[in-house]
Amino acid sequence: MNLKYARSGWKLIIASLLTLSTLVGCSAPVAKGVFIEGDVTGGEAETLNWILAADASSFGYVGYTLESLATYDNQFNIQMRCLARDIEVSSDGLVYTVTLRNDLKWSDDSQVTADDYVYTLKNLMFSDWLNYNYRDDWKEEVNGQKVFVTPSVINNTTFTITRQTVDPEFIYTLYDLIPYPKYISSKYEGNVAAFTQAKEFNELSYTGNLGPYKFKEWLRNDKFVVERNPDFFLGKESGAPFFSEYVIKMFGTSAVMQGALEAGDITYCGIEPPNVPKFKKLDRINVYTVPTRGYNLISYNQRANGWEGLRKKEVRQAVSMAIDKDTIVQKMYLGFAEPAFSFIPSSSPWYSEENVVKFGVAPLTGKQKAMEQLKAAGYDYTNNGDRTVLMDKNGKPVKLILVTTPGSDIVESMSLLIKQELSDIGIEVEVKMVQWPTLLRQYMMNKAPGSDEEPRYNNGPQAVSEEPWDLALMGHNTDPLAPSGSSVFFASDGGLNSFGFFNNEIDALFKKVKSRAALDRDDRKTIYIELARVMSEEQPVDFIVFTRANRGFQKNVKGIEPGINMGYNYYLWRFE
Amino acid sequence: MNSEALLEVKNLKTWFFTRRGIVKAVNGVDFALRRGECLCLVGESGCGKSVTALSLLRLFDSPPGKIVEGEIIYQGIDLARCPIGHLRQIRGKDIAMVFQNAQSALNPIFTIGDQIIEQINTHLDLNREQALEKARMLLDKMRIPEVDRALTQYPHQMSGGMKQRAMIAMSLSCDPCILIADEPTTAVDVTIRAQIMNILQELKRNRDMSIIFITHDLSLVREIGDRAAVIYGGRIVEIAPVERILNKPAHPYTRGLISCLPDVSSESKRLPSIEGNTPNPMDMPSGCPFHPRCNRVMDVCRSVLPELMNILDVHAVACHLHPNLGK
Amino acid sequence: MRNYIIKRLFYSVIIAWGILTVTFVLLRIGPTSPVDRYILNIAAKGQNVESVKQAIEARYGLDKPLIEQYFTYLGNLLQGNWGWSFSTSMPVLELIGSHWIYSFQLILLATIFAIVLGISIGMLSAVKQNTKFDYAASIFSFIGISIPGFWLGLMLILVFAVQLGIFKTYYDTNYPIWSLENLKQLILPVMALGIGELAGYVRYTRSAMLDNLRKEFVTTARAKGLSERTVIGKHVFRNAILPLVTIIMFDLGSIVFGGAYLTEIVFGIPGLGQVSFNAIFANDYAVVVAITLIGTFLVLLLNLGTDVVYTYLDPRIRYD
Amino acid sequence: MTSKSISVLRKIAGPFYVNRRLLGYYWERLQKNKLSIAGLGFILFLAIVGIFGPLFTQDPTKADLEVPNMPPPGFTRQESIYNIKTNDFTNRTIEGGLTHPLGTDSKGRDMLAMLVSGARISLFVGLLATGIAVFLGTFIGVLSAYLGGWVDNALMRFTDIMMTFPFFLLLVLIVFIFGSSLAIIVLVIGLTGWTGAARLIRSEALSLRTRDFITASKALGASDTRIMFNHLIPNVISLVIVMASLSIPGVIMAEAALSFIGLGDPTSTSWGTILNAGQHSLETAWWVAVEPGIMLFLTVLAFNFFGDGLRDAFDPKASI
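These protein sequence lines are chains L, F, P and X, in that order.
At position 350 of the first sequence the residue is numbered 350 (my numbering), and the sequence of numbers has no breaks.
At position 190 of the second sequence the residue is numbered 766 (my numbering), and the sequence of numbers has no breaks.
At position 206 of the third sequence the residue is numbered 1109 (my numbering), and the sequence of numbers has no breaks.
At position 149 of the fourth sequence the residue is numbered 1372 (my numbering), and the sequence of numbers has no breaks.
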């Protein structure tokens, strides 16, 4: 399981459209065939009533029937052909003016207006009775207080969002905004039970011409089916979309799912590394290897109930050197990954290799180097039989606890590899596999000993978790477009800084990137480069690898542009 | 008495081939049954009398049982060899059987009526009404009260005597000419035994039916039998009219059996019994099977098996003691 | 009889209520919480988990005292309101309504498969005791009761779907229930689910038949001149079936709640088993309780039905 | 842990321990059933392997990432490693070798060692849980039969409810809620699995109760508890042993099924856990799913053979 960061996941799935101009000149193919996407059962959405959802899949499912305001392609170029005709940011970075298309209709044929959006924001997303899970995205800190931004209707198709502070990355939150119809929502306002159970919302019967597909059927644990929306606002001239149905089919295991792809029973699914060569050899299948937002890391517990050594930069670096990233890429991912040195992936527009210190890959790797650095940091080795053992400051052998969650073969293998590699530098590691909720409650949540404060993920430098731990192997997601979201992990006041990393330089950089100083793209890149450098040197965690995904399609699917956001033009895909 | 043989059994041998060895349950039985007579097969339990009865209709379990030798001639057909289909037409129709324990011999989950009608329908071409009427009549003849109720009753709802009578009624349903009654009174109490014996006697008298009556109880033999055959070790050791057997038994074993009869007139202090056990059918003694228990055993008895020989026209015995033997 | 049925029904209601209570309490007193599934995403936002947790609990009425929730639930249930499944966001009854058929057809077919084949093989085996067929059937039945159904399912998929490609690797809900394609894709699951029961029935039938073949009434029946077919098929079989009925009904209970779920998982059949177990993992008590309740009640009704049928099959049994 | 289960067995087998002649008699009868002896042989083999095997095999938790998914000797597997820069594959062929006679799993752990560890766990869970269940069942059954009256009534009603409760669902529910550890799995199976034994033993004890020697003891002024422990329990012991040997396979299967759906004890290597991992790599490494399945199958088969023979030995008349 990954700690899914921010709004990351669902952008991938949410459909986006090419600009109309690219369509001109395209011959209009006839809609035919059923596109079947394979997914594993755990990935199923919670609800189609998206405002109640906490998971990425729910937004993804809704996205087939209801477009967001804007989207971007594989290179993160903004594509202004969703529900917004234009989104303009004032030069001071405080006022966002959104102009909607004027041909958008709800299912009752009434127009989608700026009022629907402002209503959705003010009365639903910001409301207390509904308690939208991600409403903090729409807050800013003013004079130490968190307050909501201010939406207001300008005219039928225009509304503005006014902020009091500058956040250059707020616009990405805005792009993802989707509306509820005011004419239905107002019936349920204030009644959370009625809103939750409203048929219109749970069956998406209001989506009019707002998406390429219309909801048809959702058999839990089995399939989610949407059918072609003949009224789709971009389909009038092009005839899009070109599948009569789009199905997400759930599978119990990915092995069965891949078997189904091989047999031609489904159109598309992810392929696991060991099976890629086989699928690449198949004539009927195209396999695209694309970057993802996922990366793995080992948190170093720098709180009082972890090994004190980990509070030293040199020790963290030494441990990171002992864990060879290329080995992990080769052995765990069979090559489908690349070493990570910060939370900014190479696919991000803000990525640069400049100044990054690359612990864990040659030359900063190896047993020898790690042991030397540990000795330099003031730790001694003794020989215990045929083993060399690292001693702590009290003259006891260093024993570390690695916690992680069971369920993923790769994560389990990786924890075993880490155990082995650390044992090579004289550190004994005990691997503890605990279920996710346990991990969160007993290892991640913390509070100052003796206090009666509510346990949180970061209760300040004094706080410690219930159970002691030293290393935690986890998977995180990042947002290549707005990596600063990772401040929840790495800033001193970050809500998920459960491992107790406190660094003023980092804090300052995170503040800077979310301020007026970062409004200019080049300035922002400079800040990110600096952030990546400090991160890679400080090693608050050992960033391990960014993973690559393999996506297998039947070859007769045309119109695919492989890349990190390859679904952005999915409505133009077709069978040939 | 008609002297024509209705059923003729010649040198019948029914052996059971079990994992532990061959059980020679019936090992050379000869007898002829005449029309209208009641032939009693007498012997201790395990002597082979029941298997003999079952063999007549090939009703023993097969495997492991098998008729290895001998003939059972009925109406010119050898029942020991004839096709099973043919035998089935005879079973229940020409030759019927009454078993020892009606409680277990009746199927517990069908009504008495159903079980009788089933047999009628198997052999007679009657419609349901007629069959029902016949069943009613049969039960009535067996002096079963509330016939209509009895027809719809299940075996467990009837008393032991009623069940036994119902079974006799069933066996008579197709007017057989031979009735094999395998200890029909063992499992019932004295009053009912008397009723059943009465019924059988009536049958013999009124219907001119031949009966093979199997029992270990000589007092019943005296009551109903015309002739009696004493069986020991799977063979007939003595056969003669009942009067003769009871009064002038020739075989030491028969004598033993008769001396075991409680004699109301005598004043003996204890009931006599025959020393020893019935022989193990898997391991028969050599020579005369009775010799280990015989109080008049001779050397020849240990090595030579005595043949069944007539000492009178109507009396045959298999014993070396008999003067005619071997001459 | 009528009184007996009423008494039993009343008794069933009490048992079902007990099970409802146990399930409800178990799900709600444990350290896991329905909110767990949200924590991951909420926590990732760095939001105050407590406030969001409270909001979600309030949304689904989980914030009230347990006893109040329990009586609210019970009250709703008595009015025919089965509640709202918050993990799938649909009414519980609707959820069950759209999934029951997949479990039902699987269980029904597997049971028929096991009963028909099991009893036939068992009968033949008893009639042909100690022949090659009997030995083969006996070995087969030992294998059948010993093979783990879920593993057999995997192996069947591996061989027949992956290697030979005769079947689809997954269950396709697009085929109408009554179509041949649907029957075809149920072959492997039905085999995986039914094989254990089948093997059991072979053994039970064989031994019950042998038991009854030894009975005296069989000799009587033969002595009546009945054909062997009638003797075995009617007199012996009708007696041998009696204990089988109980065993089959008892097995149904374990199929409904055990084997069917594993089979559904292995073959990807979206039946109630999957629904209920996913609901367990989501702490979605309304669904778990509803399915347990319906399942238990069905099993109890089946038991009662068995008892009633039994009085027809075996006239010796009477209930007062 | 295995020694613990052996002492449990010894306690159960107490009366036999004393009465060697009786034991010899049964042993003689058991020996006649070759399959049963084969089953016993396999179980003993498994027990020896479970106890001493770990001394000779490699550490089942020791990952060797040099040899992941290594096939058993005689088989080969292709592995390709992707090069992100050149966009092509480096291929290598992995051949099975004698260092890992049954191959390795995806983490390069020795399958043989894992299977040995699995044997230990299966036997441990099977014996201990059955021990608890049978002990409870005997106790409740004898108590119920002996005390009669309202105690009997209450206990049997309780047994009815327990029997109606969907066992596997309950197992999943409790293990999910209270965490999956071997102790909890054993306890849940043990504490819920006693119903069959209780009923059977109650009816056996009821028939024993009316027998003369109990009446005689009573006449001699023996106390209730004395009668229960000195007479009733020893007399139902053969039944208990047969029950136990026939219910062990079910327990082993339940643990495997639980582990298979991912609810096994994460700190131990059981066959179900290996199977669970193996089902994801059926195509890459079939042996990971096939081998534990075969072991599970053989073990259950062995127990079935043995239990069957045991029952015949104790009671030749009994069917099934």
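Keep in mind that a hint or two might mislead.
[As the list claims (entries may be wrong)] Computed cross-link-like contacts, DSS-like style, restricted to lysine-lysine with a CA-CA straight-line distance of at most 25 Å:
{"id": "1", "chain 1": "L", "residue 1": "Lys312", "chain 2": "L", "residue 2": "Lys139"}
{"id": "2", "chain 1": "L", "residue 1": "Lys511", "chain 2": "L", "residue 2": "Lys313"}
{"id": "3", "chain 1": "L", "residue 1": "Lys281", "chain 2": "X", "residue 2": "Lys1285"}
{"id": "4", "chain 1": "P", "residue 1": "Lys1035", "chain 2": "X", "residue 2": "Lys1285"}
{"id": "5", "chain 1": "L", "residue 1": "Lys399", "chain 2": "X", "residue 2": "Lys1285"}
{"id": "6", "chain 1": "F", "residue 1": "Lys642", "chain 2": "P", "residue 2": "Lys1035"}
{"id": "7", "chain 1": "X", "residue 1": "Lys1285", "chain 2": "L", "residue 2": "Lys358"}
{"id": "8", "chain 1": "X", "residue 1": "Lys1255", "chain 2": "L", "residue 2": "Lys280"}
{"id": "9", "chain 1": "P", "residue 1": "Lys1087", "chain 2": "F", "residue 2": "Lys642"}
{"id": "10", "chain 1": "L", "residue 1": "Lys278", "chain 2": "L", "residue 2": "Lys511"}
{"id": "11", "chain 1": "L", "residue 1": "Lys432", "chain 2": "X", "residue 2": "Lys1255"}
{"id": "12", "chain 1": "P", "residue 1": "Lys1118", "chain 2": "F", "residue 2": "Lys669"}
{"id": "13", "chain 1": "P", "residue 1": "Lys1031", "chain 2": "X", "residue 2": "Lys1255"}
{"id": "14", "chain 1": "X", "residue 1": "Lys1257", "chain 2": "L", "residue 2": "Lys331"}
{"id": "15", "chain 1": "F", "residue 1": "Lys669", "chain 2": "P", "residue 2": "Lys1137"}
{"id": "16", "chain 1": "P", "residue 1": "Lys1031", "chain 2": "X", "residue 2": "Lys1285"}
{"id": "17", "chain 1": "P", "residue 1": "Lys1035", "chain 2": "X", "residue 2": "Lys1308"}
{"id": "18", "chain 1": "P", "residue 1": "Lys1118", "chain 2": "F", "residue 2": "Lys642"}
{"id": "19", "chain 1": "X", "residue 1": "Lys1285", "chain 2": "L", "residue 2": "Lys278"}
[Claimed, not checked] What the simulated footprint calls covered on chain P by chain L, stretch by stretch (three residues with Cβ under 8 Å from a Cβ of chain L suffice, anywhere in the stretch; the number is not a length):
{"id": "20", "stretch": "1041-1050"}
{"id": "21", "stretch": "1059-1065"}
{"id": "22", "stretch": "1152-1164"}
Simulated from the structure, these hints should not be mistaken for laboratory data.
No residue lacks a Cβ here, since even glycine has one placed at the ideal position from N, Cα and C.
Now for the hints, and whether the structure bears them out:
no. : hint                  : in the structure
1   : L:Lys312 - L:Lys139   : 35 Å, violated
2   : L:Lys511 - L:Lys313   : 23 Å, holds
3   : L:Lys281 - X:Lys1285  : 34 Å, violated
4   : P:Lys1035 - X:Lys1285 : 48 Å, violated
5   : L:Lys399 - X:Lys1285  : 18 Å, holds
6   : F:Lys642 - P:Lys1035  : 21 Å, holds
7   : X:Lys1285 - L:Lys358  : 29 Å, violated
8   : X:Lys1255 - L:Lys280  : 59 Å, violated
9   : P:Lys1087 - F:Lys642  : 49 Å, violated
10  : L:Lys278 - L:Lys511   : 48 Å, violated
11  : L:Lys432 - X:Lys1255  : 50 Å, violated
12  : P:Lys1118 - F:Lys669  : 22 Å, holds
13  : P:Lys1031 - X:Lys1255 : 22 Å, holds
14  : X:Lys1257 - L:Lys331  : 49 Å, violated
15  : F:Lys669 - P:Lys1137  : 20 Å, holds
16  : P:Lys1031 - X:Lys1285 : 54 Å, violated
17  : P:Lys1035 - X:Lys1308 : 65 Å, violated
18  : P:Lys1118 - F:Lys642  : 19 Å, holds
19  : X:Lys1285 - L:Lys278  : 29 Å, violated
20  : 1041-1050             : violated (count 0)
21  : 1059-1065             : holds (count 3)
22  : 1152-1164             : violated (count 0)
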